[in-house]
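Each chain, letter by letter, is given below.
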Amino acid sequence: MDCERFDKMSLDLLYDELDELTAAAARRHLHHCTRCQGVWTKLRVTRELSNPPLEEPPEDLFESILLAEQAAHKQLPFRERFGRTVSILAGYAMRPQLAMAALLLLMVGSSLVFLRASPSGLGRIGASELGAPSSEIVAEAKERTALVLGTEGSGDVEPTDVGARGSERLTAPGAAAEAPLGDAASTAKSDKEGYGEAMSAYQQGRYAEAERLFSEVAAAGGEKAAAAALHEAHAARNGSGCQRATALYDQVSGRYAGSTVADEAAWQAASCYQALGQIARARAHYQALAARPAYRTRAEQAMSALDPQVALAAKANAAKATDAAASPEDPTATSASGASPSEAKPAAPAAAKPSQPATSP
Amino acid sequence: MLRLSPHVSLVGSRGGGEVTDGHAESSDEMLMVRYKRGDRAAFAELVRRYERALYNFALRYVKSRDAARELTQEAFLRVVRRAAEFRHESRFSTWVYAILRNLCLDELRRFKHRNHASLDAELPSGGSLIDRVASDTVADDAERGVEQDRLRVGLSRAIDALPDDQREVFLLRQLGGVPFAEIATLTETPENTVKSRMRYALDRLQKELCEYEEYARALR
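Residue numbers (the working numbering), protein chains in the order written: chain Z, 140 to 500; chain C, 630 to 849.
Hints may contain errors.
Unchecked claim - Derived SDA-like pairs: lysine to any residue, alpha-carbon spacing no greater than 25 Å straight-line: (1) K836(C) to P192(Z); (2) K836(C) to T180(Z); (3) K836(C) to M148(Z); (4) K692(C) to V782(C); (5) K665(C) to T180(Z); (6) K147(Z) to G806(C); (7) K836(C) to C175(Z); (8) K147(Z) to K836(C); (9) K836(C) to C172(Z); (10) K181(Z) to P792(C); (11) K213(Z) to A712(C); (12) K181(Z) to R833(C); (13) K181(Z) to V782(C); (14) K147(Z) to A813(C); (15) K213(Z) to R669(C); (16) K181(Z) to A164(Z); (17) K213(Z) to R663(C); (18) K181(Z) to L791(C); (19) K181(Z) to R669(C); (20) K181(Z) to V709(C); (21) K213(Z) to V662(C); (22) K147(Z) to Y829(C); (23) K692(C) to D793(C); (24) K213(Z) to L791(C); (25) K147(Z) to L791(C); (26) K181(Z) to K665(C).
Rather than coming from a laboratory, the hints here were simulated on the basis of the structure.
The task is simple: from the sequences and hints, build the whole structure.
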């Protein structure tokens, strides 16, 4: 750095407006240059001594400024005051505590909405392994009308057809009552017409169409909704068989729990399960129905009728087990595999009979 | 005591006092942002920081205490009204000095032909401002000698004797701490011109101060 350059930047150096590198270069130049040292010393001393003497402001100036500010704040245009209010609120809103609280409220609120939106009882599907105390199953069935689906020893739970179609039309019976009164008459009218049309199709044996029409009436949620849902299950049973109908019966039973329609659906579901050979499920339904006075006798009879079926099923299982254990070279085993265990037992004494005369005198 | 908010109080030590809150460490710009968000204590802190310097700047400019008081108050009121316009493109000090400078220029234009009491004029209480500064200084610190008082009086006269453009730059830089580049912006003058004016002002002051022994002692 030379003297000319130093002169140009001496003021910046004096008021600390130079960057570090340039200031260091200027100081290095000062260290070696006697001429610039003299200039610099005079500048520095002049700056130090020429601070203008300050007079104290009037004592009330501070307060009067603040009072004037208060008054001026009130006189600000609405737009500006509104802008400041928004700015204040935004400042508060950006605070992390408020953000967390808002998030928490959002989570709680949304979970409440989802909980309320889910169909009561129907979404809950209980499963119990075979061999669980029946009292527990009954108690469960009494406690919540959703039906308990017991497995048939395999341990797997058969998926119920509570699918999208079902969830769409899952409207509580009370939902129809909440509809506006003005729509009630027209709804009732279309409800009856639709129900009549569906019933007509059902009676004519057009079960697929009847199932669809009953489904629409049930989804509409009118006074015929419960009956339509039950008939939809009937149509499914007649058209597609018990496998499909059981799921629909269970839906109806859960959705209209406590009504006669629900009891009837449970009865039909039980008979379907019985027909399908799913004895545990059938028994669970019958046990639940035994608590209803109108179905007690029938349910008990049905349960007693289930016992021979259980015995038969046990025999079949035993026969299968024997089949698997027997070797193919053993003729007795082969004969035993062809007959039931009850038939195999008398065969042994018969085979033994010829040997007795040979040993006798 | 003037209460601004439940957690902020102004202790009236000298009519205004200190703001007893956590704003002491904040930058001017941060205080301005807080004020825009509705924190009036931040504004009180800004007033506390700038009241004295702005008042003295106005006093040197218009040479009237009443006018300086009004102009200082008006400058802060403009800060309130134009708070929404404040951006972080410049420092708060530059902004508020620019406001006050414009107010001072308007005041000088308006009362061009009116005779304001000069700083050297007699005050109602007796004695000129320069004398009062000197006497206050003596009262504040008895150890300071007569030579130092003479230096201050001489300095005040020298500053007042500066040409307007040089005095303006000198006060903004020396009193207001406004950087040269920002002085150039607010006076709408090239930066080199600003620095030249400052250089001339310092040279003049240096010549005026040469006769004082304290200056010579400092040079040694």
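In rising order, the numbers of the hints this structure does not comply with: 5, 19, 20, 24 and 26
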